[in-house]
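Mind docking chain B on chain A? Use the hints.
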Amino acid sequence: MTAVTMGKAINMGLRRALEDAAKVLVMGEDVGKLGGVFRVTDGLQKDFGEERVIDTPLAESGIIGTAVGLAMRGYRPVCEIQFDGFVFPGFDQIVSQVAKLRYRSQGRVPMPIVIRIPFGGGIGAVEHHSESPEAYFVHTAGLKVVSCSNPADAYWMIQQAIRSDDPIVFFEPKRRYHDKAEVDVEASPAPLHDARVIRPGQHCTVVCWGPMVRTSLDAATAAAEEGTELEVIDLRSLSPMDLAPVYDSVQRTGRLVVVNESPRTAGLPGEIATLVTERCFYHLEAPVLRVTGFDAPYPPARAEDSFLPDLDRVLDAVDRSLAY
Amino acid sequence: MTVDSMTASPRQGTDCVQLLTPEGERVRPPGYENVEFSADELRNFYRDFVLIRRIDTEATALQRQGELGIWASLLGQEAAQVGSARALRPDDYVFPTYREHGAAWCRGIDPIRLLGLYRGVDHGDWDPAEYNFGLYTIVIGAQCLHAAGYAMGMMRDGADGAVLAYFGDGASAQGDVNESFIWAGVFNAPVVFFCQNNQWAISVPLQRQTRTPLYKRAEGFGFPGIQVDGNDVLAVHEVTKRALQNAREGNGPALIEAVTYRMGAHTTNDDPTRYRIAGEVEEWRLKDPIERVRVYLARNGLVDQAFFDSIEEEANDLAATLRKQCLALPDPDPMRVFSEVYAESSPLLDEEREQFARYLASFEGGAQ
Numbered sequence: 001m002t003a004v005t006m007g008k009a010i011n012m013g014l015r016r017a018l019e020d021a022a023k024v025l026v027m028g029e030d031v032g033k034l035g036g037v038f039r040v041t042d043g044l045q046k047d048f049g050e051e052r053v054i055d056t057p058l059a060e061s062g063i064i065g066t067a068v069g070l071a072m073r074g075y076r077p078v079c080e081i082q083f084d085g086f087v088f089p090g091f092d093q094i095v096s097q098v099a100k101l102r103y104r105s106q107g108r109v110p111m112p113i114v115i116r117i118p119f120g121g122g123i124g125a126v127e128h129h130s131e132s133p134e135a136y137f138v139h140t141a142g143l144k145v146v147s148c149s150n151p152a153d154a155y156w157m158i159q160q161a162i163r164s165d166d167p168i169v170f171f172e173p174k175r176r177y178h179d180k181a182e183v184d185v186e187a188s189p190a191p192l193h194d195a196r197v198i199r200p201g202q203h204c205t206v207v208c209w210g211p212m213v214r215t216s217l218d219a220a221t222a223a224a225e226e227g228t229e230l231e232v233i234d235l236r237s238l239s240p241m242d243l244a245p246v247y248d249s250v251q252r253t254g255r256l257v258v259v260n261e262s263p264r265t266a267g268l269p270g271e272i273a274t275l276v277t278e279r280c281f282y283h284l285e286a287p288v289l290r291v292t293g294f295d296a297p298y299p300p301a302r303a304e305d306s307f308l309p310d311l312d313r314v315l316d317a318v319d320r321s322l323a324y
Numbered sequence: 001m002t003v004d005s006m007t008a009s010p011r012q013g014t015d016c017v018q019l020l021t022p023e024g025e026r027v028r029p030p031g032y033e034n035v036e037f038s039a040d041e042l043r044n045f046y047r048d049f050v051l052i053r054r055i056d057t058e059a060t061a062l063q064r065q066g067e068l069g070i071w072a073s074l075l076g077q078e079a080a081q082v083g084s085a086r087a088l089r090p091d092d093y094v095f096p097t098y099r100e101h102g103a104a105w106c107r108g109i110d111p112i113r114l115l116g117l118y119r120g121v122d123h124g125d126w127d128p129a130e131y132n133f134g135l136y137t138i139v140i141g142a143q144c145l146h147a148a149g150y151a152m153g154m155m156r157d158g159a160d161g162a163v164l165a166y167f168g169d170g171a172s173a174q175g176d177v178n179e180s181f182i183w184a185g186v187f188n189a190p191v192v193f194f195c196q197n198n199q200w201a202i203s204v205p206l207q208r209q210t211r212t213p214l215y216k217r218a219e220g221f222g223f224p225g226i227q228v229d230g231n232d233v234l235a236v237h238e239v240t241k242r243a244l245q246n247a248r249e250g251n252g253p254a255l256i257e258a259v260t261y262r263m264g265a266h267t268t269n270d271d272p273t274r275y276r277i278a279g280e281v282e283e284w285r286l287k288d289p290i291e292r293v294r295v296y297l298a299r300n301g302l303v304d305q306a307f308f309d310s311i312e313e314e315a316n317d318l319a320a321t322l323r324k325q326c327l328a329l330p331d332p333d334p335m336r337v338f339s340e341v342y343a344e345s346s347p348l349l350d351e352e353r354e355q356f357a358r359y360l361a362s363f364e365g366g367a368q
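Those sequence lines, one after another, are chains A and B.
Per this note's numbering: the first sequence ends with 324, consecutive numbering throughout.
Per this note's numbering: the second sequence ends with 368, consecutive numbering throughout.
Looking at chain A on its own, in the form it has when it is part of the complex:
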């Protein structure tokens, strides 16, 4: 096993998917010669050719809409949307067509499409390059939504997403692309839609995904120094959500903090809080607390540290929870 970055791990996963099935296509802006703006598709066109790794015109609706036609023809397109804030021109095709064709056709027209979206802030980018729009997609029936947080998951989850017969919006935390860890390419991966307890603890449960997993783990390390043990759960899949480990955990800890970069109102933490309240009401020692971005557009880069949840804001929420 060698340590690779998360970006490289996705690249390796895409490569293996392209090798395994001739119907898999990679398509998007700059995915060919350049290897993507984050180099996630680096070298794939060279090895699989322009017919399999397709540099498309610059139009997101076109990328998704033509992928729909290709999927109807039996292909399994993996579309890259260059940045989170650019998915909106393709939003209609995703939520009105990709999400609904199976249902509309009662299973006759499956949509095995993966839509990769580098998302989230923390890289000092200009506007429209740092958004966390996952709730829009989770709100749309017919789509599945996942987010990887580390190289091993990234390697396996991208392959599992491509194998899925359901359309999957695949959120990649761009500020973690360069995080390195070992990837066991022979491993038996967890099922794509399973959440995972990645650090056990007894005092408070912290649920997170994507870029906030690293932040939450750092918070858990810091809390441990003061004798507070956080149980950190990486949700991994946002639709469907696997909340069984969360219920188990909350029934032991009695407390839950949900961490997410998106604006707070009508975001996923609110949904998680509701589900946990419905099922764990008599176990809760404190209300479910949310640590999120603010109900404001993403700020200029030099203010993003104020917007993004960090270790201290997570610890502050934990303290508030423990104070009940």
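Everything labelled a hint here was simulated from the structure, so no lab data went into it.
Incorrect hints may appear among the rest.
Stated by the list, open to error - Short, incomplete list of chain A residues facing chain B, as computed with Cβ under 8 Å: (1) V68; (2) R73; (3) V95; (4) R108; (5) P110; (6) D319.
A virtual CB, placed ideally from N, CA and C, is assigned to each residue, including glycine.
Relative to the frame of chain A, chain B by itself:
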């Protein structure tokens, strides 16, 4: 120079292809001198026309009687649809919008399937792969991108079919339609874009959608555009046949603008008397696509009265059957709302389904 004098008319141009005049006269413009149609072909066009118009009339009546939630009439557009759809080979693939009842008929789809959609019992209950005819697409223009992608897939597969994408003059303003032109152009995809320019996007006239004749847009995307008299089934058929064949031979996409007219409302929900003048409708009534074929057949002795009578009878039978079938369409099972949302279901959705099933069962006598 005024703005008006700089503006090309978006309406019918002088190079609009026509092979059969509104008066039923056969004409032979340059490039089409040797186009011939057999008597059988002409009779079949006529039969398609009458049956489709009857389906449309019956569906409109059913809507008025509360049996359909809504209906999008194709009245006046029969030639554009029959002419183009009859130019297809079985292995070609069609992406329709929501008004292609004539094209669906030509592909062999039972009209009751169309009524099911408008009655609200399903979202279109035919297998697209069986008829090579996609499901109706309600979001304007979205299907043109699917058509371009499907055509790219055909090309990759080495299949020698082509794709026909229907859309309207209103859709020509959509980004998706223009993006599909770009994709088809740069990838040389075998797709024929077939615009039924019926002059109105609900209440908004063509002049508010475009400043230039629609077929001329093709040049800017790098492929041929051609304007055809959309109420002339012969011209539509010939032009579409050539474009499809050209696409199959690897020469890329084409845009056909069929100049036609929506004689009725956009759907049974709107009232065209609010936005267009009676004179315009009367003008187009004289260009009726069915009448000119009828005149041509009769005047040239290709049919007798018995032919017309037998088709009339067939149409009456079809309408009666359709009405009976429509009234017999069962409402979907309440649990149908959960069906086929995902290939691999989701635990939270499963839970909702179970809760709803328990709720239904809690009533006396169970779910029904």
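Structure-inconsistent hints, enumerated in ascending order: 3, 6
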